[in-house]
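J.: Chains A and B, in that order, are what the protein sequence lines are. Heads up, the first sequence is in the working numbering, so the first residue is 1 and it goes up one at a time. Heads up, the second sequence is in the working numbering, so the first residue is 629 and it goes up one at a time.
Source of the hints: derived by calculation from the structure; they are not laboratory data. Incorrect hints may appear among the rest.
Unchecked claim - Chain A is nowhere near these chain B residues, computed Cβ spacing over 12 Å in every case:
no.	residue
1	Ser744
2	Glu776
3	Asn807
As the list claims (entries may be wrong) - Selected chain B positions facing chain A (Cβ under 8 Å, derived; list incomplete):
no.	residue
4	Asp701
5	His721
6	Glu916
7	Ser945
To be verified - Quick list of the computed label-pair ranges, beta carbon to beta carbon:
no.	chain 1	residue 1	chain 2	residue 2	range
8	A	Asn298	B	Thr909	40 to 48 Å
9	A	Glu603	B	Asp710	43 to 51 Å
10	A	Ser206	B	Glu772	22 to 30 Å
11	B	Ser962	A	Thr190	53 to 61 Å
Glycine included, each C-beta is placed from N, C-alpha and C at the ideal position.
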Amino acid sequence: MRVLILFLYLFSTAYLQAQTKPDTVATGEFTIEATRIHKPNLDQPVHVSRIDSARIALQKGMDIGDVLSQHSFLYIRNNGPGAASVISQRGFGGEQTRVLWEGMPINHQMLGVTDLSLLPAGTFSEIEVTSGSGSSLYGSGISGTVYLKSSPQPDQVSLGQSVGSFGNYITNGSAGISLGEFTFNLKGSTQNNENSYRYYDQSTGSVENRSRGAFENDQIIGGLNWKKNNLSAKSSLWWSRADHEITENIYSGPGSATQFDESVRWVNSMKLYADNFVWEGKIYLAKTALDYFNPDINTESKSESRDLNAEFSTTWFFSENLELNGNISGMITEVETNNYSEIKSRKQFSSGVNAAIIPIEKLKIYPAFRLDHYSDFGTAVSPSIGFNIALIEDEFALRGSVARNFRAPTFNDLYWPDGGNENLKAERGVKSEVGLVHEKTGAVSFSQQLSFFYINMDEGIKWLPNSSGRFQAQNIQEITSRGMEWSGGISTQIANWQFGSDHSVAYTRAFISEERFSGDAAVGNQLPYIPQVKYSGSVHLAFTGFSVMFNGVYVDERFTTEQANEITKADSYLVFDATFNYSRNISKTEISVIAKANNLFDESYSIVRFYPMPLRNFLINLTLTQKF
Amino acid sequence: MKYHFLKILLAALFIFTGCNTQSDPDEVTLAGVYVLNEGNIGQANASITSYNPETGEVFQNVYESVNGVPIGDALQSATLIDGRLYLVVNNSHKIEVVEPETFLNIGTINIADEASPRYIAKAGENKAYVTNLYANTVSIINLESMEETGSIDVGANPEGIAVVGTKAFVANSGFGSGNTVSVINTETDTVKETISVGDNPVGVQADASGRVWVVCVGAYDDFNTESEDESTPGELFVLNGETGTEIEQIRVGGHPGELVLDSEFGKGYLSNGTVFQINTTTYEIENENFIRGFYALGLSTLDGEIFLWGADAGNFSQDGTAFQFDLSGAKIDSFSTGVIPGHFYFDFQ
Chain A
1 MRVLILFLYL
11 FSTAYLQAQT
21 KPDTVATGEF
31 TIEATRIHKP
41 NLDQPVHVSR
51 IDSARIALQK
61 GMDIGDVLSQ
71 HSFLYIRNNG
81 PGAASVISQR
91 GFGGEQTRVL
101 WEGMPINHQM
111 LGVTDLSLLP
121 AGTFSEIEVT
131 SGSGSSLYGS
141 GISGTVYLKS
151 SPQPDQVSLG
161 QSVGSFGNYI
171 TNGSAGISLG
181 EFTFNLKGST
191 QNNENSYRYY
201 DQSTGSVENR
211 SRGAFENDQI
221 IGGLNWKKNN
231 LSAKSSLWWS
241 RADHEITENI
251 YSGPGSATQF
261 DESVRWVNSM
271 KLYADNFVWE
281 GKIYLAKTAL
291 DYFNPDINTE
301 SKSESRDLNA
311 EFSTTWFFSE
321 NLELNGNISG
331 MITEVETNNY
341 SEIKSRKQFS
351 SGVNAAIIPI
361 EKLKIYPAFR
371 LDHYSDFGTA
381 VSPSIGFNIA
391 LIEDEFALRG
401 SVARNFRAPT
411 FNDLYWPDGG
421 NENLKAERGV
431 KSEVGLVHEK
441 TGAVSFSQQL
451 SFFYINMDEG
461 IKWLPNSSGR
471 FQAQNIQEIT
481 SRGMEWSGGI
491 STQIANWQFG
501 SDHSVAYTRA
511 FISEERFSGD
521 AAVGNQLPYI
531 PQVKYSGSVH
541 LAFTGFSVMF
551 NGVYVDERFT
561 TEQANEITKA
571 DSYLVFDATF
581 NYSRNISKTE
591 ISVIAKANNL
601 FDESYSIVRF
611 YPMPLRNFLI
621 NLTLTQKF
Chain B
629 MKYHFLKILL
639 AALFIFTGCN
649 TQSDPDEVTL
659 AGVYVLNEGN
669 IGQANASITS
679 YNPETGEVFQ
689 NVYESVNGVP
699 IGDALQSATL
709 IDGRLYLVVN
719 NSHKIEVVEP
729 ETFLNIGTIN
739 IADEASPRYI
749 AKAGENKAYV
759 TNLYANTVSI
769 INLESMEETG
779 SIDVGANPEG
789 IAVVGTKAFV
799 ANSGFGSGNT
809 VSVINTETDT
819 VKETISVGDN
829 PVGVQADASG
839 RVWVVCVGAY
849 DDFNTESEDE
859 STPGELFVLN
869 GETGTEIEQI
879 RVGGHPGELV
889 LDSEFGKGYL
899 SNGTVFQINT
909 TTYEIENENF
919 IRGFYALGLS
929 TLDGEIFLWG
939 ADAGNFSQDG
949 TAFQFDLSGA
959 KIDSFSTGVI
969 PGHFYFDFQ
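Just chain A, with the same shape it has in the complex (with noise of 0.2 Å):
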């Protein structure tokens, strides 16, 4: 049986894409703004990933991770479900991809990382992934950014009840009313998991339930939006918390630390339209709270970092062969913690230009160049350019970029009283990247994007011995990352059948370029947990009313240590989820039940080792919307 259904997964592939003839032009439909350069993906310089919010909807009980797990090629690092989340993209960590909410930056101060775990995908309506032209646009982030957009539904209002395996409970609701000149819209999802779920525990041999890993998570986010001739504003408002038992590998036992996270995310913008410029401005404030509590070492840990970020840029849109964007930010932030003997502040000021330019029919020239002072590391230059050539007008494009980006360090990096060094200096690196885009729409609409990269970082911050045997933030790891990245789709509509499959690839070699000491023995091995070959693909069949869905997700063998041992290799893993979907209309109301299987054949597999992740698991959900 299993067997039969991998066969059909893959053969469904097959036959839809030889059903593939470019027999019609496609045109972009909506535009990206992962890259601040506002033109459909067709036009962009660099690979571009975007999960629309059809496919997040089905995405019930999961969070932001998961969901880049399955419709993208990064590579997410997890300790399990409701545990400590991390992106890798293009063979770097977490703290070298910047993670954005409505555009601004969300990672955290002390840590670097976003934990994607607190971020459940129901909260947003769209994601971008792009390699992006670097630090000339969004500033600090080497490998790329993740950008999150909640976009609200108006006229309507909706409740719905999720019941998972293993006391997973989630109550989500929202409303959207547009009055006029006005929209206001109001989401909330909270959860409650105990997480109790089955795996295959290595140690004993047999199937076990984990002991620890429940965890609440609330969220409330609302907008509201104001529109007048040729003058808008929008304000949005996220609130989010989340407590978490801290679930430790199966060898050393269930442990008894917890986590609390709690924050408020506000961001205001105004746009105004005049002749050919767009003028906006945007404030952006935010608290961000964590408390660490482990009682058997009797460690806690307590922050709270406060961001005041004030932005303002305008768009000349010059002629039809030129475009220019300008902009200025200022941003504040400080950090108290009781690690830190007082309050930490780093002041911020970003200035940046980029353009889009048409010199000839077919060629599009995207310079950019931002300059960042930081009060505590100092400035950081980040020049790029990308092109875009379309071999065949609207349907193929050759593109490419290289940006010189930086990283700034983090609050611990620099402050951590044993081992933060003041003295740091930013992460840098150079990244190119050339690729190709194809789009078709029509009778059977595809699109795929293939590209091939090359980062070099170096300046790279690593906690490590120092000459007094100390550990210490250095400024002393040289990554080489280079790899490809290939990513299709493609949907026909035959009478009322809807077949759509999507599938991504990246290869990545990423390892250690140069001798941090003497007899470094990381020197050209893949670095730790970071996979060479990683697979996510979905097939997707709808008939009135009807769908379903299968994610598969293939991850490659990873090392577990630097030195790239074979002994303590984490093996690789295989694993389907399936979605199914019933809509009905009665009158203006809509009845949704998602039932998912997630790990369909029971697949007994860790992300990090000796992590396991649940076996089959269920979960059901039923969503009422009312619209007006």
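Since the structure of chain A is provided, determine the placement of chain B on it from the hints.
T.: Chain B alone, transformed into the frame defined by chain A:
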């Protein structure tokens, strides 16, 4: 491989390699020098390296190769008691009991309440004590049933333990803030007295003449405050094992690590940045730079020859290296270990 069909598909696009190699237990060749590799806390990548000094043959990951499962998370120490080898796995809160000749597992002693066991010492007939770093206790172990039968409250965060006669000496580190040694009467399983020593006592060794050597690492500066440096220098306290009275106090400075004792030539070797050579009769530091410093030290006796061993943990995230020295400090050999080689164990039987 398991997903061969998919790999073939992917191989059309990529050069694809990789298979999971497992050691064949039949190929395990044990020898007299063992390095206990702690591994990274939380990653359960502890291992044991076996080295044959005569042939130079090295075998990695001995325990998993023999028993088919990893040993656990943070291998702390190994002690031979009555013909059985007890491997204390700190962050797995357990002690694996193995045959010393084969490393074949013959039982597991679980330590309750995630107490974080560190060291084990024989404390009587069929009885052993185990220090518990988190629980501030010493567990009482029935060696025959391989069960924890009780516990004794001691000072904060106990580390090293040594038994002389009916007295067990337990170093109460206090995670740097302790300065006492608890003395347990092994016949009554009660704390008989508490002796003041230097700051942050961690290591405890008993020598052949019944003296107890306590390595006091010294307090570290409180990095959370910007007040004056509160660190204190390392010291060695030498106690009379019978009476518990202080014999000598040796100020060594720095923050010392492991101490090994050579009873035959009356020398002690202390890791303290470099390796100090100490005269255990006169209590004088004879050489502050005997050999370079190491993360772990060991001393072996084979056929009347004594060797000093040092293990370098490198950057703590890749394999380490172990070195063999003669008593002139000359290097004889070296070999690769697992991640964070933390202790040596010798068995030349």
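J.: Each of the hints needs a verdict: does it hold here or not?
T.: Comparing the hints with the structure gives:
Not every Cβ of chain A is farther than 12 Å from the Cβ of Ser744 of chain B; the closest lies at roughly 7 Å, contradicting the non-interface assignment. Glu776 of chain B, annotated as away from the interface, keeps every beta carbon of chain A farther than 12 Å; the closest lies near 14 Å. No Cβ of chain A comes within 12 Å of the Cβ of Asn807 of chain B; the nearest lies about 19 Å off, and the non-interface call holds. Because the beta carbon of Asp701 of chain B sits about 4 Å from the nearest beta carbon in chain A, less than 8 Å, this interface hint is met.
Here the hint on His721 of chain B is kept, as its CB sits about 5 Å from the closest CB of chain A, short of 8 Å. Given the 8 Å rule on beta carbons, the hint for Glu916 of chain B is violated: about 16 Å separates it from the nearest Cβ of chain A. A hinted interface residue such as Ser945 of chain B counts as satisfied when its beta carbon comes closer than 8 Å to some beta carbon of chain A; here the least separation is about 5 Å, so the hint holds. Between Asn298 of chain A and Thr909 of chain B the beta carbons are some 42 Å apart, a value that agrees with the proposed interval 40 to 48 Å.
Judged by the Cβ atoms, the range 43 to 51 Å given for Glu603 of chain A and Asp710 of chain B holds: they are separated by roughly 45 Å. Distance hint check for Ser206 of chain A and Glu772 of chain B: the Cβ-Cβ separation is about 27 Å, which falls inside the suggested range of 22 to 30 Å. Between Ser962 of chain B and Thr190 of chain A the CB atoms are about 58 Å apart, so this pair conforms to the stated range of 53 to 61 Å.
In summary, the numbered hints that this structure violates are 1 and 6.
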